[in-house]
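Starting from the structure of chain H, add chain B where the hints point.
Keeping their order, the protein sequence lines are chains H and B. Quick note on the UniProt record's numbering: the first sequence kicks off at 1 and runs consecutively. Quick note on the UniProt record's numbering: the second sequence kicks off at 1 and runs consecutively.
Capping the alpha-carbon separation at 25 Å, the derived lysine-lysine pairs in BS3-like fashion look like this:
hint: 1; chain 1: H; residue 1: K218; chain 2: H; residue 2: K284
hint: 2; chain 1: B; residue 1: K285; chain 2: H; residue 2: K218
hint: 3; chain 1: B; residue 1: K414; chain 2: H; residue 2: K284
hint: 4; chain 1: H; residue 1: K16; chain 2: H; residue 2: K318
hint: 5; chain 1: H; residue 1: K318; chain 2: H; residue 2: K35
hint: 6; chain 1: H; residue 1: K302; chain 2: H; residue 2: K318
hint: 7; chain 1: H; residue 1: K302; chain 2: H; residue 2: K35
hint: 8; chain 1: H; residue 1: K101; chain 2: H; residue 2: K157
hint: 9; chain 1: H; residue 1: K16; chain 2: H; residue 2: K284
hint: 10; chain 1: B; residue 1: K414; chain 2: H; residue 2: K16
hint: 11; chain 1: H; residue 1: K226; chain 2: B; residue 2: K414
hint: 12; chain 1: B; residue 1: K451; chain 2: B; residue 2: K414
hint: 13; chain 1: H; residue 1: K284; chain 2: H; residue 2: K226
hint: 14; chain 1: H; residue 1: K226; chain 2: B; residue 2: K285
hint: 15; chain 1: B; residue 1: K414; chain 2: H; residue 2: K218
No lab work stands behind these hints, which were simulated from the structure alone. Treat the numbers as computed from the prediction; the structure is a model and nothing was measured.
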Amino acid sequence: MSNAARTNWLRELIRKPFFWGVIAIFALLALNVLKDPNYLAITVNPVNGNLVGNVIDILRASAPILMIAVGMSLVIATGGIDLSVGSVMAVSGAVAMVFMKDAGQSGSVGVALGAIGLALLVSALLGAINGVLVAYIGLQPFISTLIMMLAGRGIAKVITEGQNTSATNDPFRWIANGFVIGLPVVFLLAIAIVIVVGLVVRRSALGLMIEAIGINPKASRMAGIKPSGLLLTVYILSAVLAGVAGIMSVGTVMTVDVSRTGYQMELDAILAVVIGGTSLAGGKFSIGGAVVGALLIATLDKTIVFLGISSSATPAFKAIVIVVLCLLQSDRVRSWFVQRRKPPQLRPESLPAKPKQEVAA
Amino acid sequence: MTAKDAAARPNVEVRPVVEMTGITVDIDGTTVLHGVDLRLFPGEIHALMGGNGAGKSSLVKALSGAYRIGGGSVRISGEPVVLSGPAEAESVGVAAAFQDVDLCGNLSIAENVMIGHEERRWYGISWPATRRRAVTVLDELGLGDLDPKQAVATLPPAIQQLVAIARAMVTHPKVLVLDEPTSSLDADEVATLFRALRRLRDQGVAILFVSHFLEQVYAISDRITVLRDGYGQGEYPTRELDRAVLISKMIGKDLTELRRIGSDRRAHRADPTGTPLFRAVGVGKRGEFDSTDFEVHRGEVVGLGGLRGSGRSELGQLLAGVERADSGTFQIDGRPVGLPNPAAALRRRVAYASEDRRDGGIIEELSVRENIVLALQAIRGWARPISHAERDALVDRFVESFGIVAPGLDAPAKQLSGGNQQKVLLARWLATRPLLLVLDEPTRGIDIAAKVEIQARVAEMARDGMAVVFISSELDEVVRLSDRIAILKDRRKIGEVSNGPGLSVDTIIEMIAADEEDDA
Chain H
1 MSNAARTNWL RELIRKPFFW GVIAIFALLA LNVLKDPNYL AITVNPVNGN
51 LVGNVIDILR ASAPILMIAV GMSLVIATGG IDLSVGSVMA VSGAVAMVFM
101 KDAGQSGSVG VALGAIGLAL LVSALLGAIN GVLVAYIGLQ PFISTLIMML
151 AGRGIAKVIT EGQNTSATND PFRWIANGFV IGLPVVFLLA IAIVIVVGLV
201 VRRSALGLMI EAIGINPKAS RMAGIKPSGL LLTVYILSAV LAGVAGIMSV
251 GTVMTVDVSR TGYQMELDAI LAVVIGGTSL AGGKFSIGGA VVGALLIATL
301 DKTIVFLGIS SSATPAFKAI VIVVLCLLQS DRVRSWFVQR RKPPQLRPES
351 LPAKPKQEVA A
Chain B
1 MTAKDAAARP NVEVRPVVEM TGITVDIDGT TVLHGVDLRL FPGEIHALMG
51 GNGAGKSSLV KALSGAYRIG GGSVRISGEP VVLSGPAEAE SVGVAAAFQD
101 VDLCGNLSIA ENVMIGHEER RWYGISWPAT RRRAVTVLDE LGLGDLDPKQ
151 AVATLPPAIQ QLVAIARAMV THPKVLVLDE PTSSLDADEV ATLFRALRRL
201 RDQGVAILFV SHFLEQVYAI SDRITVLRDG YGQGEYPTRE LDRAVLISKM
251 IGKDLTELRR IGSDRRAHRA DPTGTPLFRA VGVGKRGEFD STDFEVHRGE
301 VVGLGGLRGS GRSELGQLLA GVERADSGTF QIDGRPVGLP NPAAALRRRV
351 AYASEDRRDG GIIEELSVRE NIVLALQAIR GWARPISHAE RDALVDRFVE
401 SFGIVAPGLD APAKQLSGGN QQKVLLARWL ATRPLLLVLD EPTRGIDIAA
451 KVEIQARVAE MARDGMAVVF ISSELDEVVR LSDRIAILKD RRKIGEVSNG
501 PGLSVDTIIE MIAADEEDDA
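One chain only, chain H, in its complex shape (with noise of 0.2 Å):
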């Protein structure tokens, strides 16, 4: 009885789409640490009491990834996609490093809240012109957003006159390098957005509301909900989300390159949905699910690095990771297994639906 109940908890967990995730993130940090067997050691910095790793390091780096994955989801579950979350972080950057070089006073506070906040209302501006193509205009998200994918670089040239830009500001550095109880500001204060975000969704009825039209826009309608406001909602948190995560790329080295800030991030964020199990088709979306896809790509692109695979070769070795994952992940490639192992079993959304008595007028 026990034993039957622990096989049903396991198939549960096996059918959850994150779990191939977490086994990959395993998968690629046993592979690091046959390389280097200290691979995963973290020790205490004796000066300042920070923690010091390469766990560590990959969790500073997940952070803006989380932050375009989160909203990234939400938008695929609409049923759209944004690609522009890259680009806007290249804007949001340029807006908050131009801001505090004009700005001067390195050690001032307000100067990076000043930065942070002009940074995040233009992002939310570019959101909102994304929303409105896509909700009131009525284009394709696709096209939308690959507008702006090339406006936003464009713009962020624009910001910073085409120059790498440098500023120092030490609180606005701290969020990106700081520590707090030993851990990276920058990963904490991406957990709480993302908590603060999934509490909201999921807290009230947006989260409801936006699996309903990704689901099904008709019926949707039908039962009074109005996607205009939903999606143009959507479409600003995604940007407001990205620009959060452009503070913290720049943050980082307290310099925006308009060319490389954020640059293919969209496709990160993208994939970290869909290896959390959100279609791309829209509905059901997992927040959870796309904190484990960010953090696979974190680690993948920190063991690439620690691998030596050469950077020419980087994209080749993160398709394959990326296609193993989502052959795993779909299903007729796990029925095949399941096949081979044992009779198919009848689940109830695999029998025929009940023939139709249709009542002829």
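Leaving out everything else, chain B in the frame of chain H:
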């Protein structure tokens, strides 16, 4: 039989161009056609009639090669043929133009007409020659003055339909199959189409015309084949088939039997007086439903009686703001209100339960609970979530009173049977405490027990003071439940009757049939 048919149309040759005998078609193990016969003669327009799920489309698809024929034989001009695909059907002279005009809107008229049959030369396609040939084909339909270079999307719907027919006519087929060619056309456009069809008929083409517009069938067809539930119900010369007889064959009850399915009501209900709860004045939408007035009082069930395609759903959707009316005004309790969309209507406490459970109702991956509270939550807005306690109380109340059977209330709604999904939807609309509920085919496709339960529920809701608009393709159900019946035909309201002891299904059919003079 044959001699009689020939007599019906003197220029009909005795030999049919299409002879389908004992046709059986299976789809996914379900037999949708049981030994159906169909004969088409050259130079005739032959109508195919039947209700929902009668097998009209299946027969049409079998003839045009889209469905595989499981049993029976097909002869074209006396030769046995196997129609294994649309290309084979085309090669023996059967061409089809389907319900949804499947044209490429951004391509030109000539390109659409000639697609797949472009004029080729040694250097490839010769567009001037292709266009010339397109013009020749269009000219045969009386469309010689169209500019072949014009984009199809810029044409009115009727002309698009004719372009689709022209495309089918490129190969000079002996048989032309038209599935619901008039469903999106207005009266003038239908006249244009019919002129073209008569021209083709006079050239000797056999035309199979599938439509649910009764008067159009009487206006254009020479003979009628009737189907019901996948069985053939015979072939009749149009002029010899009385409308009431045709309807009774389509719905499968003979006229005497129909007279017996009367109203359960012992007495006429006192006609309600005072201000109606809901009033629509001159409400209509072009191409959907002719402008009409409509009133419902509190506690009243108004049935919409009519055949398939008479505009029952269209009217229901206009009344509940699902489709935005382009004329007319609405009043609730005498006060003018706007109903531009379902959200606004629900806030005015007007709800519409769609006939299409899967497409317009249940959100399959959401749980039973979420499906039930969805509309109420939508009215409140996302920022004011329904608490779990309130939600569960609400859901439990409906699950108990409706007897909803589910694997679990958190299970996805797609795991429920059709009848239980229907109850979940009913619960969703009732949770918004509507003043007016439009129920579109609430009992379709569900088992008899659930059906009886839902009928009882509708009567109960009306007793509690809710106004109900009840739409069903089963006229006896409409007669049994309604206090008043609005009779619809060909997308307009042709009258209203108050329900009472004298009323039977037959009365409604007579009214629909008697309406012939002022139409078509």
